[in-house]
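Asker: Those protein sequences? They're chains A and B, same order as listed. End of the first sequence = 827 in this note's numbering, gap-free, step of one. End of the second sequence = 199 in this note's numbering, gap-free, step of one.
By construction, these hints were calculated from the structure, which means they are not laboratory data. We put the CB at the ideal spot given by N, CA and C, even for glycine. Treat the hints with care, since some could be wrong.
[What the hints assert, rightly or not] Have a look at the derived ranges for each label pair, beta carbon to beta carbon:
id, chain 1, residue 1, chain 2, residue 2, range
1, B, E121, A, D736, 53 to 61 Å
2, A, K592, B, A159, 20 to 28 Å
3, A, R568, B, E181, 55 to 63 Å
4, A, G659, B, E156, 37 to 45 Å
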Amino acid sequence: MSGVRVLVGTRKGAFVLTSDGRRGDWTVEGPHFGGWEIYHLTGSPADPNRLYASQSGGWFGQLIQRSDDGGKSWNTVGNDFAYDGDVGEHLWYDGTPRPWEFKRIWHLEPSRDDPDTVYAGAEDAALYLSTDGGAKWTELTALRTHPTGPSWQPGAGGLCLHTIILDPVHQGRIYTAISAAGAFRSDDGGASWLPINKGLRSGEIPDRDAEVGHCVHHITQHPSRPDTLFMQKHWDVMRSDDAGANWREVSGNLPSDFGFPIAVHAHEPETIYVVPIKSDSEHYPPEGKLRVYRSRTGGDEWEPLTRGLPQSDCYVNILRDAMAVDALDPCGIYFGTTGGQVYHSADDGDSWAPIVRDLPPVLSVEVQVLP
Amino acid sequence: MIRVVLPAHLKTLAHVTGEVKLEVSGQESPVTQRRVLDALEARYPMLLGTIRDRHSGERRAFVRFYACEDDLSNSSPDAPLPERVVAGEEPFIVLGAMAGG
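Between the sequences and the hints, there should be enough to build the whole structure, so can you do that?
Answerer: Structural data, given as structure tokens:
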């Protein structure tokens, strides 16, 4: 029977949760890199034993860790994330110019077919590529130096590049998302970029329909429908059916359309999941009820999934990279909270149970299905 | 022989347990903070970027340097280190500040 490995990044280390394919009994390993912030821990689709971790902290900066044996052992690889060429300026929260300054890597996105090729999304926003397993990183400068770059402003979490989608069909197509600049698409492997924010409306910026300036929280895609994208924006759940050229709102009957993660079912490309959060200043679920909402219609019509989740006095948040799905049938869904719980469902979201309850605040959750 | 005390997180990274001992000769030029850190990073390249910026060479904001009961954090990186450090009688201490994580 196949196994499942859940990779959890937290404020104070990484944890690895494993189970067999029934997903009933779990083993918790960790903390790895105790005391460090693990913004992202993820595996290569091409080699499940190849793992990458973004390890950072206020004292000692940014490191990248790599495992070649499924997390049994780790080695530091390259951490030279230099901005290439003219560093330039973006806007600060108060609208004044401020030079780009590297702070950390938010997200690592390994290639679908080469374990040594991996992309990294940085704060302040930049996209890096390594083709040697993380030893050397090269900035794909066209994104940071996009003509709109000087007008980008940070979201509350910083000017972070947090979403990287490597299109499974269109060779060289990459989607990225930056808070709070918006979504961008490259059709040439990152050599040039197009803002893809048409249809987004954001009340937090002077021009609600501006080309950039939107606080995109997360984007997801089902590999069988590469031109369809689902987005959780600061406010509003959105979808595009033309590779981001146009977006429309699909928040429908959600109790709040603010939130961070969004995920799509592994086998049903019109089934999507979000976790509504009350507001941008109240980062907890409405009414203290932790509810995952599922739409089987690609948005607009949503149903609350509550079985096994706390329905009173729950005031945690679920961050943008902290939800993932596995490829088993029925589909498994996993999410981690800022309260340190990792919940999972082994039945498409109908019921939930905690795998572990008392980790440090969870920053990221990824899942691998093992042979 | 220069003795260097690393904070726990950096000892873990470098796979060392006790003090680090480095050969930094003071015969031809003074033993300085920069030369000690150069030698440290040469032996333990996984520490590159964790104590000082990889490009500017500046000390990271939440890293401090102590020796002989003095705070050397803001001393010139090219200033000679105290003789007792050079003689191996006192360690050069790298530590994380009481904030920053």
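Asker: If a hint holds in the structure, say so; if it doesn't, say that too.
Answerer: Going down the list of hints, with the structure as the test:
no.: 1; hint: B:E121 - A:D736: 53 to 61 Å; verdict: holds, 56 Å
no.: 2; hint: A:K592 - B:A159: 20 to 28 Å; verdict: holds, 26 Å
no.: 3; hint: A:R568 - B:E181: 55 to 63 Å; verdict: holds, 59 Å
no.: 4; hint: A:G659 - B:E156: 37 to 45 Å; verdict: holds, 41 Å
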